[in-house]
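Trainee: With chain A fixed as given, assemble chain B onto it according to the hints.
Residue numbers (the numbering used here), protein chains in the order written: chain A, 1 to 414; chain B, 1 to 414.
Derived by calculation from the structure, the hints in this document are not laboratory data. Careful: at least some of the hints might be erroneous.
Identical copies go unnamed one by one, so any copy, or any two together, can satisfy a pair.
Said to hold, decoys possible - For lysine to any residue, the following SDA-like pairs were computed, each having C-alpha atoms within a straight-line distance of at most 25 Å:
#1 241 - 55
#2 133 - 69
#3 260 - 380
#4 27 - 53
#5 27 - 49
#6 260 - 383
#7 64 - 194
#8 241 - 368
2 protein chains.
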Amino acid sequence: MVHPDQVVAQQARPRPTLLSMNGVEAKVIEALRKQGEISRTDITNLTGWSKAKTSQKIRELVNKGLLVEVGEGASQGGRRPRLLRINDRLGYLVGLDIGATSLDIALADVGGKICQRRSALVDVRQAPEEYLKDCRALILEMASAQGCLPDQILGIGIGVPGPVDFGRGVLVAPPLMPDWENYHIGDFFQPAFPSAFVVVDNDVNIMALGEQRAGDGAGIDHFIFVKIGTGIGSGIVSNGKIHRGSYGSAGDIGHICVDKQGPICRCGNTGCLEAMAAGPAISEKAMLAAKNGSSPLLRQMMEVNGGVLRPEDVNAACREGDQAALDIIRASGEMIGDVLAGLVNFFNPSHIFIGGGITNFGNHLLVAIRRAVLRRSLPLATTHLAINFSRMGPDIGVTGAIALVNEYLFQPEA
Amino acid sequence: MVHPDQVVAQQARPRPTLLSMNGVEAKVIEALRKQGEISRTDITNLTGWSKAKTSQKIRELVNKGLLVEVGEGASQGGRRPRLLRINDRLGYLVGLDIGATSLDIALADVGGKICQRRSALVDVRQAPEEYLKDCRALILEMASAQGCLPDQILGIGIGVPGPVDFGRGVLVAPPLMPDWENYHIGDFFQPAFPSAFVVVDNDVNIMALGEQRAGDGAGIDHFIFVKIGTGIGSGIVSNGKIHRGSYGSAGDIGHICVDKQGPICRCGNTGCLEAMAAGPAISEKAMLAAKNGSSPLLRQMMEVNGGVLRPEDVNAACREGDQAALDIIRASGEMIGDVLAGLVNFFNPSHIFIGGGITNFGNHLLVAIRRAVLRRSLPLATTHLAINFSRMGPDIGVTGAIALVNEYLFQPEA
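One chain only, chain A, in its complex shape (with noise of 0.2 Å):
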């Protein structure tokens, strides 16, 4: 078993040696990465060296291609200090978020900021090689259209919706996509990206970490995102970090029991939450709705749509007023706060976060959530509890993915 903290060694192969620093320049970096633009003092005050070596370390790292100096700060009484960022034009990163049939690109520069983006639609269900070259086709195109090289491209974040084994940076027994298994990723992008460093994490990490990066996550120390589409999962942050637990598969909440009872759920269990509360179980009592005679309108959007409805479809009838609708969206949210509540007693996040296809359902589904979290969650873990839908919108993937990778990209070597 490795260490989460072991993947700069375990997923990255060779690492860009225009990157390598020690400890302490790794430490100014991370601040810089953080604050954007600190001063000279700051570096003295954050490092302990000398003014003399820190004006020297400072031309290395500039001379390095590191850090620039940029404008001036406000001054205190004195000389205006000159400020320090990271060269954004170091090079470049790239953000995969992998849906199950939707993929999204991103380039951003070193600073995290985005300046191509693409989207596309590919069905992951097929062997790992055949997806990853249009991947790699589009992450040429869109560096191309932005004037980068191939070998610019210092670091790729991949976010992918199944189970990781964060320290080898592979996919582990992923229902959605059993071909990946144990597929090495990183392996792949080597020879077309040499310079990149490459980090493997489940989809709903990456949707965490984005939400930290650019979204209401940010500077909150214990929240849990909760991805609700086709399956529930959870990405968890705990003292401002992802916690991946011992084996990197924290977070899967979509099977936790909801009623032992329950329908069987494709992971041999009966009632796990997905089964009961996703997506598709939404779709099947809608379809039941519709038949049982409950709701006419149900009925008849599924004969306009041929048979089937969609979630999408049930959310359109309970604005239209439908109660079975209701009932059914009502019942998922129930079900998710239920099992959301006893992980805030055992948790205690100050934030929850929801996020995914689901989240367009709108107030009835978050209201339903929080009221079975407030009455089933201790006081004292409630009283201060936000529980919102997210507001990043679909970028947040490839911004957590390039989060990711940002984090990992400066560390001191080992």
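Mentor: For chain B alone, coordinates are given in the frame of chain A:
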């Protein structure tokens, strides 16, 4: 809301000036605390100080009484290095493990070695001043026996059986000890022990710390310590640190719902794990089995006991081969395991340690817990999961309480 890391500023009142130090000094002390003894070369490597600066700093720390030089390390060619360690004589630490009806106290040196130990039967349901006066008298007695003056006590770590707002160091809505709500234990001890830094935490968190400090939890990054007794609670370790959550209430798993149709719990909800599987539930079910004739042995024991059965009696009956007693214990184990299964999916620990009064129930309980977890958790989360009884004896709480205060004692000034 106070971030747990601010505990130094919040929980502790005047900080012993003796221990004031800057960030790099604190780093040296931290390494010494973890490794016991280190060489000058280790310190040079750790701090980046020059040899001259290292020598000067060590001289300062030795003069302050923080460090002492000891023996000689193994030579790696050249002069044998002199080793340094924390001066154990610097002062003493007190660990207090406050139970519902029992009190455990230990006096230790700053290295954490216990030199005096007391236990007493005291009921916590009295006014805090009265209770703490007894504690203070015991501590003074132990200190005197050790030849330690009150102001040589540098830290007091305290575990209490109720929810703690860790940032403020006070109990919040503690069901067992309502008079203690918002009572500042640190303030009580300050006049008697003017140099002592006082840290208060939940009793299960200090058990988890004890397991980490001196038990099988040493070096384990992600584990859950579950205490089963009159109540059920847990202490969580994430990335090697206690996860207390945003309000300090993390780990409260006793009120996770097992059965919505279950009995009403003292928290007001129905079907909480604690109400269905902890000691009192075991007693109640056994008394029912005694009364309804399903266990002649339990009936007989109940008559001998004056009309009541304690969990220990159920355990004794089980050892005699009583089927009803066995079923009751297995049912508790299964419910605990069902809840843990969900938490294993969510948190992905590598170890679960089970402690508390129920641990002498032996393997029937443990096997039932393990079975339920293995049946309900995902394979990726259980492949490397070990579930065992804690092997720490009755010192686990005081050991953890001492580790707790020790952790915050040598911290750089803000």
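Trainee: State for each hint whether it applies.
Mentor: Right, here's what the structure says about each hint:
no., hint, verdict
1, 241 - 55, "neither (32 Å within a copy, 37 Å between copies)"
2, 133 - 69, "neither (39 Å within a copy, 62 Å between copies)"
3, 260 - 380, "between (29 Å within a copy, 21 Å between copies)"
4, 27 - 53, "both (15 Å within a copy, 21 Å between copies)"
5, 27 - 49, "both (12 Å within a copy, 16 Å between copies)"
6, 260 - 383, "between (31 Å within a copy, 23 Å between copies)"
7, 64 - 194, "within (19 Å within a copy, 53 Å between copies)"
8, 241 - 368, "neither (29 Å within a copy, 34 Å between copies)"
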